[in-house]
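Asks: Turn these sequences into a full structure, and let the hints guide you.
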Amino acid sequence: MHLHDFWFLLIAVLWIGYFFLEGFDFGIGVLTKALARDRAERRVLINTIGPVWDANEVWLITAAGATFAAFPDWYATLFSGFYLPLLAVLVCLIVRGVAFEYRHKRTGERWQRNWEHAIFWCSLIPAFLWGVAFANMVRGVPIGPDKNYTGGLLDLLSPYALLGGLLTLVLFTFHGALFAALKTVGDIRHRARAFAGVSGLAAGVLAVAFLAWTQAESGNGRSLPALVVAVVALAAALVANRRGREGWAFALSGLTVVAAFAMIFLALFPDVMPSSTDARWSLTVTNAASSPYTLKIISWVAGFMTPVVMAYQAWTYWVFRKRIGTQHIPAAH
Amino acid sequence: MNLALAPETLARWQFGITTVYHFLFVPLTISLAAITAGLETAWVRTGKEKYFHATKFWGKLFLINIAMGVVTGIVQEFQFGMNWSDYSRFVGDVFGAPLAMEALLAFFFESTFIGLWIFGWDKLPKKIHCACIWIVAVGTVLSSYFILAANSWMQHPVGYAVDKATGKARLTDIWAVLTQNTTMVVVFHTLTAAFLTGAAFIVGISSFHLWRAKRKRLKGEELGDKQRKQLPAMLTSLRVGLVVAVIAGLGTAISGDQLGKVMYEQQPMKMAAAEALWETQAPAPFSVFAVGDVSKGHNSVEIEIPGVLSFLAHSNFTESVPGIKDTAAKQAALHGGKPEDYIPSIFMTFWGFRLMIGFGMTSFAAGLVGLWTTRKKFWLAPEYRTGEDEIPRLMLTKNRELGPFLTKWSWRIGILTMGFPLIANSFGWIFTEMGRQPWAVYGLMKTGDAVSPGVGQGMVLTSLLVFVGLYAVLAVVEVKLLAKYAKAGPDTDEKPPAKDPRLRFPSGGSGTGDPAAAEAAEEADKPMTFAY
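Going down the list, the protein sequences come from chains S and L. Counting from 1 along the first sequence, just add 106 to a position and that's the residue number in our numbering. Counting from 1 along the second sequence, just add 22 to a position and that's the residue number in our numbering.
For the record, the hints were derived by calculation from the structure and aren't laboratory data. You may find that some hints are simply not true.
[Stated by the list, open to error] Quick list of simulated restraints, FRET-style, between CB atoms:
1. S:V304 with L:T551: 28 to 38 Å
2. S:N220 with L:R434: 27 to 37 Å
3. S:T213 with L:A387: 37 to 47 Å
4. S:R143 with L:I150: 45 to 55 Å
5. S:R429 with L:D515: 24 to 34 Å
6. L:K248 with S:A417: 51 to 61 Å
7. S:A417 with L:E362: 22 to 32 Å
For clarity, every value in this text was computed on a predicted model and none was experimentally measured. Positions of the beta carbon are idealized from the N, C-alpha and C atoms, including for glycine.
Replies: Shown next, in the form of structure tokens:
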């Protein structure tokens, strides 16, 4: 295996890890309006991800940083090409992060309500836009001979890309509902399960449609098994949820997220950003990669640190393993 | 196209605004993390409540601040690709490595352990909880190290070769990038300045509380119960702040001097621009004040101290320092073009340099005076010594207290200089980044060649306006929150966890006679000590 192939794999792992983790964070954000009935319930939901959302988001920063280091051209084309959608994502991530931290810092009704609106919208919009971005990336966008994106904003909003956005939004909401069912007690836990049943069905329909479309347009022999795993895992998650096996259901919705994005990366390889203008101008793992020396250095760092990071992050989840309900939420201060 | 609205100009404004804004939070985060960690350690070791209250109080302000630091940091990472894609393509091989290391080594530390620290008061044993904030503090320092290594490479590229086939910079020696003297000195300078920033912040807020209490006493009023209880924590904080201010201020001055020499060697233009030194001079003077005219190439008004610039550059008072004109001519001969193309904004560099030093050193001086006048025992007659819950008298000499007027102004200066290092930091960055122009990577890539070719005027204008609007709103929100919590002071009713929490494995909870199960049942419905 070449180093640049290894780095393609690692970047795929970082993005997939990000979507697994922040996927349910976004889902929880959406559920603060879709599921919670009052402020106490909203706070229960927010606090299920309270100690972990920040570290989950660092997976994104690491994925972007690793892309910059290992495939500078991929990073440059992707970030400058998807300029306005990424601007929207940035604004949402800024407001959402501040909202978690500041919402409880004042007691005023308007203050709290505004931040709660922010949490909802700033979870929903990125959840949608990441799907749009990845759909465009796997399908290919207009890229010229100098590796620069030559399309406009509307080129990024094709029906296919919008379907991809809808899929990630609904899938993350489903994933978040199962996380809520796993992490809460009381009435909200049961409603989270019911909500997961419905949103899971919708996610299933969208997943079949979008992944089959992807397979037909950009797929290959490697991506097909991932598609099958994604769809089967989603169905199994629904079954597990119905039987009340919350841990299994959440693990399986996680597997769905993993398999769906793995499918996209498998369909992509060995390209990293195919050009829809001319295949010769596509960015690939070879023409977009850094030098072997740089790849070697960052391989050592990533090889050591990734397992360490995963270990202490997993420990955090263990420390905060207890389910919470409205009775655990202290009075506003 | 109108130059003022050219995509390059807009992208530069955006980078400048978002970076200076981000760096308002960074130094406070770095220093408050470590100082909070120190205070928590004091609490864990002594069990004294004042340390607990101080930890909680500064921790709260630290959290309000780090939230902004984290989210505005994401913009920094994204915008290299978004607005400077040609830069990213050219330097990614070198510049990306420290960024990736920063994420893997530093950001995960910070973000994971901050979550454990915020929510872990009743879940983690004291010592482990305290270790969490130390890890956050280490994370912030590591983060600054890696990002400054990347920035230093832009100031002084080392350990690379330009690939003949692709025309891009290729990393050849990571060690050189991570350990070159520019990196080391800049890290030293930035970290000491960060601690000066946090120290001034702490001194300012502590002074506010102590002076408010003192004024009340002077008016003959009794302090409220809460205000009295807050005094020990505020007094300790004041002393900690002053000690840190003096050490960090001294470190900032020393490292600044070293940085000047490194800069003179590596970027002579920046040194000449910092002084608006148009002609090469020996010995070269330090200019205190000057009004220059770039087009005429000389200063119309000037106040100078002879020989000091020579000292800053060479450590002696006589040697020659090359001026702007000679340096620009040399660069033009080397890289082509006209000499004027190589002259940065003299107005910004000259004044940026002065404001940086002025505001930074004022804070240092204020810390020095404060540390002396509030001393506890040293060279102090016993009758003037004050206890742990009393507001110190400001003592000039052994038996002489400052008069009412000077006392009043000493406390006020403590409060008013609270934000001085923030101003100094901002101008320091503006100076060093604008002083490098026209280069993005010194000697290798010009800023004009670094922008994203595919990102048009409309898009950059949109993002610029969005960021300015959003950041302005958030600034108001943040400052109001900080003011609210800073004014409220430590919550002295809050008690530390009654018993040290233990890390436990989930118990089976089956047997009724199992004391652990009974305890677990009792705790099952206990509210969280902290919740969002």
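Asks: All hints are to be evaluated individually against the structure, with a verdict given for each.
Replies: Structure-based check of each hint:
no.	hint	result
1	S:V304 with L:T551: 28 to 38 Å	holds, 36 Å
2	S:N220 with L:R434: 27 to 37 Å	holds, 36 Å
3	S:T213 with L:A387: 37 to 47 Å	holds, 41 Å
4	S:R143 with L:I150: 45 to 55 Å	violated, 37 Å
5	S:R429 with L:D515: 24 to 34 Å	holds, 29 Å
6	L:K248 with S:A417: 51 to 61 Å	violated, 44 Å
7	S:A417 with L:E362: 22 to 32 Å	violated, 57 Å
When held up to the earlier numbered hints, the structure conflicts with 4, 6, 7 and fits the remainder.
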